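Going down the list, the sequences are from chains A and B. In terms of the working numbering, the first sequence opens at residue 1 and continues consecutively. In terms of the working numbering, the second sequence opens at residue 1 and continues consecutively.
These aren't lab readings, by the way, just hints derived from the structure by calculation. Just so it is clear, the structure is predicted and the values come from calculations on it, not from any experiment. Be careful, since some hints might not be right.
30 Å max Cα-Cα, derived DSBU-like pairs, lysine-lysine [what the hints assert, rightly or not]: (1) B/53 <-> A/151; (2) B/259 <-> A/118; (3) B/272 <-> A/126; (4) B/80 <-> A/143; (5) A/62 <-> B/97; (6) A/84 <-> B/272.
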Amino acid sequence: MGTKKQKINKGSPDRVLETKRKRLLFLARTEPRKMVLYPLVVFLLALLILAFHPPEKGIDLKGGVVITVYHVSASPDELESYVKEKTGINVRAEEFKDPVTGLSGIRLYAPAGSDYGKISDAIQSKYKGADIIPRVVDPTFGKIAQRQGIKAIIYAFLGMAVVVFLFFRDPVPSATIIFSAFSDMVIALAMMSVLGIELTTATIAALLMLIGYTVDSNILLTTRLLRRKEDTVEDAYLSAVSTGFTMSTTTLGALVILWLVSTSEVIDNIAIVLIFGLLADFMNTWIFNAGVLRWYIASPYKFSIKLRRGK
Amino acid sequence: MARKKGVKALILNWRVLLLILFLIGSIASISIRGLTYGIDIGGGVALVAEPEKSVSKDTLNGIITSLQNRLNTFGIKDIKIEAQHDPETGRSLIVVKVANVTLDEANQIKDLIESQGVLYMEFNGVVFATGTDVTVHSSNYGLNLQECPTCWYVGFELSEKAQERFKEIAAGKIGWPVDIYLDPPVNSLLVVSPRVYNEMQDFLGEPEPGTGTPKPLVQRISEAFNITVVEYSNQTAEDIVENATALGKDKIILADVPKELYSEVKNLIVSKNLDLRVSYYTPQQGEDLKDFVERVLNLYGPYILRFDPAKGGNTGLQLSGSAPTKEDALQEAKKIYSVLRSGSLTVKLHVVNEEYISPTLGASFKKQAVIAGIGALIAVLLIVYLHYRRWKIAIPVASTSLFEVIIILGIAALIRWNLDLPSIAGIIAAIGTGVDQQIVITDELLGGTSGGVTRRMSTLRRMARAFFVIFASAATTVVAMSFLLVYFVGTLKGFAVTTILGVLIGVLITRPAYAEIAKYLLSLE
Numbered sequence: 001m002g003t004k005k006q007k008i009n010k011g012s013p014d015r016v017l018e019t020k021r022k023r024l025l026f027l028a029r030t031e032p033r034k035m036v037l038y039p040l041v042v043f044l045l046a047l048l049i050l051a052f053h054p055p056e057k058g059i060d061l062k063g064g065v066v067i068t069v070y071h072v073s074a075s076p077d078e079l080e081s082y083v084k085e086k087t088g089i090n091v092r093a094e095e096f097k098d099p100v101t102g103l104s105g106i107r108l109y110a111p112a113g114s115d116y117g118k119i120s121d122a123i124q125s126k127y128k129g130a131d132i133i134p135r136v137v138d139p140t141f142g143k144i145a146q147r148q149g150i151k152a153i154i155y156a157f158l159g160m161a162v163v164v165f166l167f168f169r170d171p172v173p174s175a176t177i178i179f180s181a182f183s184d185m186v187i188a189l190a191m192m193s194v195l196g197i198e199l200t201t202a203t204i205a206a207l208l209m210l211i212g213y214t215v216d217s218n219i220l221l222t223t224r225l226l227r228r229k230e231d232t233v234e235d236a237y238l239s240a241v242s243t244g245f246t247m248s249t250t251t252l253g254a255l256v257i258l259w260l261v262s263t264s265e266v267i268d269n270i271a272i273v274l275i276f277g278l279l280a281d282f283m284n285t286w287i288f289n290a291g292v293l294r295w296y297i298a299s300p301y302k303f304s305i306k307l308r309r310g311k
Numbered sequence: 001m002a003r004k005k006g007v008k009a010l011i012l013n014w015r016v017l018l019l020i021l022f023l024i025g026s027i028a029s030i031s032i033r034g035l036t037y038g039i040d041i042g043g044g045v046a047l048v049a050e051p052e053k054s055v056s057k058d059t060l061n062g063i064i065t066s067l068q069n070r071l072n073t074f075g076i077k078d079i080k081i082e083a084q085h086d087p088e089t090g091r092s093l094i095v096v097k098v099a100n101v102t103l104d105e106a107n108q109i110k111d112l113i114e115s116q117g118v119l120y121m122e123f124n125g126v127v128f129a130t131g132t133d134v135t136v137h138s139s140n141y142g143l144n145l146q147e148c149p150t151c152w153y154v155g156f157e158l159s160e161k162a163q164e165r166f167k168e169i170a171a172g173k174i175g176w177p178v179d180i181y182l183d184p185p186v187n188s189l190l191v192v193s194p195r196v197y198n199e200m201q202d203f204l205g206e207p208e209p210g211t212g213t214p215k216p217l218v219q220r221i222s223e224a225f226n227i228t229v230v231e232y233s234n235q236t237a238e239d240i241v242e243n244a245t246a247l248g249k250d251k252i253i254l255a256d257v258p259k260e261l262y263s264e265v266k267n268l269i270v271s272k273n274l275d276l277r278v279s280y281y282t283p284q285q286g287e288d289l290k291d292f293v294e295r296v297l298n299l300y301g302p303y304i305l306r307f308d309p310a311k312g313g314n315t316g317l318q319l320s321g322s323a324p325t326k327e328d329a330l331q332e333a334k335k336i337y338s339v340l341r342s343g344s345l346t347v348k349l350h351v352v353n354e355e356y357i358s359p360t361l362g363a364s365f366k367k368q369a370v371i372a373g374i375g376a377l378i379a380v381l382l383i384v385y386l387h388y389r390r391w392k393i394a395i396p397v398a399s400t401s402l403f404e405v406i407i408i409l410g411i412a413a414l415i416r417w418n419l420d421l422p423s424i425a426g427i428i429a430a431i432g433t434g435v436d437q438q439i440v441i442t443d444e445l446l447g448g449t450s451g452g453v454t455r456r457m458s459t460l461r462r463m464a465r466a467f468f469v470i471f472a473s474a475a476t477t478v479v480a481m482s483f484l485l486v487y488f489v490g491t492l493k494g495f496a497v498t499t500i501l502g503v504l505i506g507v508l509i510t511r512p513a514y515a516e517i518a519k520y521l522l523s524l525e
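Just chain A, same shape as in the assembly:
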C-alpha cells in the first residue's frame, strides 16, 4: 500500500510532522491517471476472485448444527468416531486453537436437523469436564438472516450515498466516495474468501463498520481538497494524507491488538475483515479518490463545483 512505518525521529514535534509529509510526498507526485488506474485493477481482481470463489456462508446464514467442545482429552478423530458409533449421526470433527491464549477445542459439524441433545449427552457421559456449546440453525432461519444481512448492507449503503451526496451536492466527488466504499467492501469480501473467513452475521457487521470508516477518510479528503485553504492542491493533499495516514495506522494498530488478544472467533473475524477493509480504504481514499479529485480540480469542469457553504 506504499506506506512505510515511521522511523524514530528525534527533534521538535513539528519536524516530525514535516518528515511525515515528506515521506508521503511521492504520493502527491504520482500522476492522477496512475492513481486511478492501480486501485481499479485491484478492484477488478477482487471482483474476479468473488465471481469464482465467493466466501463460504457460516452456519448462521446456511443452517446446520455445530457443537463446540472445550476441555476434552481426545483427538478430533477419536471424538468423531466415538460420536458416530454412539449416536449414529454422521459428524465431522475439526480442531481449533487460538495461537495466543492457547485455548483449544473441537468443533463437530452435523447435518441440519440432527438431534444435538443426543450428541452432547454422549460426549458428557464419556468426558466429564467437557464444556459443550451447541449452535443450531434451521436452514429456513438461515435464509431469513441472509436476506436481512443483504438488505442491511444495501440500505446502509444507500443511506450513506444519499447523505454524502447531500453534503457535497456535486456528482463527481460524491460518486467517487460511494465507489470507494463499494470497492473497499468488495476487496474485504475477496480477502475473506482468500483467507477462508466465513460470511456470518458478525462479518456482515464488520462490513457495515467499514462503511463508517470509509466515509470518514473520504469525506476528510474531499473536504480538504474542495474547501481548500492551502496555497496549492499538493499542499492540501499532503496535509490531508498525513492526517489520513495517522488515522489509518492508529485504527489498524488497535485492530491488530484486538485480534491478537481476543479468543472469541466473532471478534477475531470482525478484526480481520476490518484490517483488510482499512488497508483497501487507504488505497481507495488516498490514491484512487485523490487521483480522481486532482484530475477533477484541474479539469475545466472544476467551475461547476458548488460548495454547500461557500465561505
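Following the hints, put chain B in place on chain A, whose structure we already have.
Same frame as chain A, but now just chain B:
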C-alpha cells in the same frame, strides 16, 4: 498563575463541563443500575421459534403468555420472550432468551417450546376435560369485589361432553379438589424425597363432612396420567432406571434428591442407549414444598369445588381465589386465564435457531472483551504518541476514547440495553471513528500553529472545517445505521444501537470537549 487560571477556565468551559457531567452520570448509572449482558456474553440460551402457520397478533400474544407460564416450571429464572415481526414476509418469530441455564435445562426449554401445551382438568383421578373442551372468552377474568377486595375470578365454559362427565364423577362432592394441569409429565417415574412424598399425600381440598374422602394427589396423578411416584430411600441409579423400563415409562423425574443421582441416572441411560428422558428439580430458596410439587407437576390449583355440579344448569363455570393484595390477585387471575386459554392454542412452534453459551464461557468472553479493549486503548495511546511525539496529544486522545466507552456503557445501563457481541462490535466501531475524528481535529489545530502550511486560516476556521468533516461522517453513519434499526429483526440491532449511540455521544459531547482540551494544551507551547 496565569496557567492555573487557564486550567480553571478550561474546566468551566461548557463543553468540558458537559463531558464531566456525562462522565459522572455514566459512572453513577453503571454502578447503580449495573450492566446487563446478552446471552452470548452472560451465558444462557437464545431460541428463535416460528409458528407453524401465520397467526394473528392476538394469538401470538396468547402463545407468548402461555409459554411464559409453562417456562416458569424451571423456577424463577431470567426469562425474556418477545415477538418479532418480519415486515417483508409478514412472518412472526418468537424469541426466547433464558439467562444462566445448564445445557440440560436448555434442552428441556427447547422441548417445551416445541411441544404443544396440553391442558387437563382432573377430578379424583379422572381427566374430565382437556384443552379443546375449554372455552375462555376474551378478557373474562378480573377481581370479584363482591366476594372480597382481593378476590379474583376467571370464567370459562366446558363442552357438553365434559360437563356430563364432570356431573357424573363430581356429583355432591362439595369441597373436593379440582386439579388443572398444563403439560403434566405424563407416563413418568417420579422419584422424590420423603418430605416431598409426604406432602404429596395431601392436596385433599376441604371436603365437606359426609361426602367421603378424596384420593391423595399421588394416587390421582397415577390414575389420571400414569405418573408413578416413588419415595427415595437410597435406591441406586440402576434400580431407578430398571424400575422405569419395567414400568414402560418415557421419563424419569428426580425431585429433591441428591444431585449426583441425576448424573448417574443420566449416564446410565446414555451408556445403555435407552429411550428415556431425565429431569431434575430442586426446591428453590424460600419455595415451600407445596409450591415445589405444583411446579414439578405443572399443577395449577387445586381448586375447591364450591357447588354441586349435578344441580347446576348449563351456565359458565368460574375459578376463583384470593391473594394478599389486589395486584397479586389480578396477576393470578391473568395467569390462570392464560393457562386456560393456552389449551386452545393449537399452533405448533418450531425452533429455528438455537444458541447456547455456558455461563463459565460467557464469563471468559467478558473478561477477554475487557482485556482486548484495554489493549486496543493502549495501542491507540502509543501509536498517537509515535505520530506526534507529544504526550499532550496522545493522553487526551486515548482518555477521550475511554470516556466515550464509559458514557456509552452508562447510557446502555440506563436504558437497560443487553450488551451482546454485536453491541460490543458497535462500541469498537464508534471508538474507532472517534479516534479518527480526534486526529482530524488535532491536525487542523497543528496545521494552524506550525509551518509547512500557510496560515491563511484562523484556528476558528480550521475548527469549522474539522467539524464539517466530523458532522458529515457522523450523519452518514447515523443514517446508514438507522436503516438497520428500523428494518431489522435479527441480531444486528445491538450493533446499530451502540454505533448510533457512540457517534451521537462523540459529536455532541466528547469531540467538542476534546477540541477545547487540545486547543488549551497546544496553546501552552
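Each hint tested on the structure:
1. B/53 <-> A/151: holds (25 Å)
2. B/259 <-> A/118: The given pair, whose Cα atoms are some 21 Å apart, holds under the 30 Å limit.
3. B/272 <-> A/126: The given pair, whose Cα atoms are some 13 Å apart, holds under the 30 Å limit.
4. B/80 <-> A/143: holds (25 Å)
5. A/62 <-> B/97: holds (22 Å)
6. A/84 <-> B/272: holds (16 Å)
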